[in-house]
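S.K.: If you read the protein sequences in the order shown, they are chains F and U.
Just so you know, we're using our numbering here: the first sequence kicks off at 1 and counts up by one.
Just so you know, we're using our numbering here: the second sequence kicks off at 1001 and counts up by one.
A portion of the hints provided could be inaccurate.
[Stated by the list, open to error] Covered stretches of chain U, going by a simulated chain F footprint (3 or more residues, C-beta under 8 angstroms):
#1 1027-1033
#2 1046-1053
#3 1088-1095
#4 1100-1108
Keep in mind that the hints were calculated from the coordinates and are not lab data.
All C-beta atoms in this analysis are idealised placements derived from N, C-alpha and C, irrespective of residue type, glycine included.
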Amino acid sequence: GAGVSQSPRYKVAKRGQDVALRCDPISGHVSLFWYQQALGQGPEFLTYFQNEAQLDKSGLPSDRFFAERPEGSVSTLKIQRTQQEDSAVYLCASSLRTRTGNQPQHFGDGTRLSIL
Amino acid sequence: SQKIEQNSEALNIQEGKTATLTCNYTNYSPAYLQWYRQDPGRGPVFLLLIRENEKEKRKERLKVTFDTTLKQSLFHITASQPADSATYLCAPRGNNDMRFGAGTRLTVKP
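One chain only, chain F, in its complex shape (with noise of 0.2 angstroms):
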């Protein structure tokens, strides 16, 4: 597709399980983040991959979080023993070139991600 797509849409889970959310960049995009996003808020940063390498995982808020792009396209985020407060929209961008702040970011529709 031309865009940044994102599944599943929509993802409910019990507490304590394990997720895997996927994003599927523009193809040729270098980089690619992982945003999560709590309802009135702006898109918070969790990580940062060029190419197949996680160069900034800063913004990860746990050790229960984990992603990976193993072949420098399509990318994981997952979520081991979830808890409530997981629970937000999870968005995925991709840019052309390394991060630079002059770089477009094309954003995904994201995951909406509720735990019970």
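Chain F is fixed; fit chain U onto it per the hints.
M.R.: This is chain U only, laid out in the frame that chain F set:
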């Protein structure tokens, strides 16, 4: 600590008027400032980028200013339309900074 503040949570204006949204940042010096639009249930969409050496940038009905002394950007939508109703996010950026402001929700009433 570094902070990004957008002027208000919500702004309501009448169709045809100019909407002005404010983005202030503290404790850092971004080389670029980006603005995005986000509709409910959708991801942010890139609108404009302005560099620190540019005072003003325009794109159709949009105008952005960047004052590095005041540490502020203003985002203007002229001749506003109901279709402009959305949340607008600012993103002051250095080379290693991926943050966003909390956004301002703009409603344009017919």
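S.K.: Please check whether the stretch 1027-1033 of chain U has three or more residues whose CB lies within less than 8 angstroms of a CB on chain F.
M.R.: holds (count 3)
S.K.: Can you confirm whether chain F covers the stretch 1088-1095 of chain U, using C-beta to C-beta distances below 8 angstroms and requiring at least three such residues?
M.R.: holds (count 4)
S.K.: Closer than 8 angstroms Cβ to Cβ for three or more residues is the test here. Does the stretch 1100-1108 of chain U pass it with chain F?
M.R.: The restraint on the stretch 1100-1108 of chain U holds, since 4 of its residues have a Cβ under 8 angstroms from chain F and three suffice.
S.K.: With a Cβ-Cβ cutoff of 8 angstroms, does the stretch 1046-1053 of chain U contain at least three residues near chain F?
M.R.: holds (count 3)
In terms of the numbered hints stated before, the structure departs from none.
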